[in-house]
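**Q** So you can see what is in the structure, the chains are spelled out below.
2 protein chains.
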Amino acid sequence: MIDAPDPARKLSHEIIMECEGRTVGKTRNETKVTLLGPGGTTFEIATDEGSYPHGGDATAPSPLALFSASLVTCLMVQIKQFAKRLRIDVRDVHAKARLHWIAEVEGRGPYVSQPVGFSIDIDIDSDAPTANIRALVEAARKGCFVEQTLARANDIKHRLKVGDDWIDV
Amino acid sequence: MIDAPDPARKLSHEIIMECEGRTVGKTRNETKVTLLGPGGTTFEIATDEGSYPHGGDATAPSPLALFSASLVTCLMVQIKQFAKRLRIDVRDVHAKARLHWIAEVEGRGPYVSQPVGFSIDIDIDSDAPTANIRALVEAARKGCFVEQTLARANDIKHRLKVGDDWIDV
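Sequences listed follow chains A and B, in order. Just so it is clear: in the first sequence, position 131 is 742 by this note's numbering, and no numbers are missing. Just so it is clear: in the second sequence, position 9 is 620 by this note's numbering, and no numbers are missing.
One thing to keep in mind: the hints can contain errors.
The list treats identical chains as interchangeable, and a pair is accepted whether it falls inside one copy or across any two copies.
Lysine-lysine pairs mimicking DSS-like chemistry, simulated, CA-CA at most 30 Å apart [unchecked claim]:
hint, residue 1, residue 2
1, LYS643, LYS753
2, LYS707, LYS753
3, LYS753, LYS768
4, LYS768, LYS637
5, LYS707, LYS643
6, LYS772, LYS707
7, LYS695, LYS707
8, LYS753, LYS695
9, LYS637, LYS753
Treat the hints as calculated values from the structure; they're not laboratory data.
Please build the complete structure, drawing on both the sequences and the hints.
**A** In structure tokens form, the structure reads like this:
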């Protein structure tokens with residue numbers, strides 16, 4: 612497992628989130644998400660499915676709705692923060708994203724998912740020259756945790772509880 | 612841009628989400644996220660930053676809190692849904708994930724982010740044999756939209772509004 616943030620590390624900061632989730636009823640999940648370390652916060656976040664494709668009651672946004680919001684807002688935060696550091700005057704940021712996946716059934720098994728494409732249109736309210744705004748967006752993309760995660764192939768480790776033991780899956 | 616779901620496509624289903632976001636005040640963002648197509652839903656989802664590292668007021672979960680919840684809940688949904696298809700009796704699912712990123716400053720520029728590691732511990736309340744539960748988790752991982760997205764390197768397209776035109780970034 613991963614340790615807590617290392618305070619001795621210079622010119623860097625670590626973000627460690629813990630998320631604990633439980634299934635509740637038909638298709639609803641309830642989670643508690645905590646940012647570890649000083650200044651950390653905990654939020655309760657629920658998800659549910661709509662009628663399509665899983666026959667849920669839409670009591671909360673779906674996991675993919677949260678995913679979509681996280682991609683867009685993480686980039687927007689970096690744009691606003693980096694604008695300050697780069698001394699570019701930015702009033703507001705408006706972004707519109709489209710996220711596309713497909714799930715395909717192989718034989719008689721359950722479906723297999725894959726992403727088809729992601730795109731984000733960004734409109735920045737600023738009087739700064741286009742070259743500066745462009746440089747700002749490029750820096751924000753490199754700083755955006757979600758985009759940098761999506762840009763590489765990640766190995767997610769899974770363990771399954773069997774009796775009192777945990778086995779790797 | 613991507614078209615709407617293709618209803619003629621057999622044995623597959625497409626998920627297309629649209630997310631429109633605006634910066635509001637210091638570090639808060641407000642988004643509207645829509646699942647396109649029949650049975651689609653729209654949810655308003657806000658994010659904010661806590662005091663660390665961006666000096667926000669924590670009026671809503673952070674983008675990475677939403678990201679964390681989406682990873683965990685997407686997998687949980689597939690486990691519950693696939694249990695039905697595979698005729699494995701599953702009462703409840705409990706999952707606990709840890710998500711770790713680092714942001715490092717290069718020279719005098721703003722920081723560059725990267726993921727360090729993701730892990731999920733899964734506890735499934737079921738009387739089914741371990742081999743069946745293990746096969747269920749393996750199928751659910753393949754069906755999980757978020758995990759399958761993270762497992763590959765994705766190219767996210769960006770366009771920036773300049774006057775009345777859109778330019779690629």
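**Q** Which hints, by number, does the structure contradict?
**A** Hint check: nothing fails, all pass.
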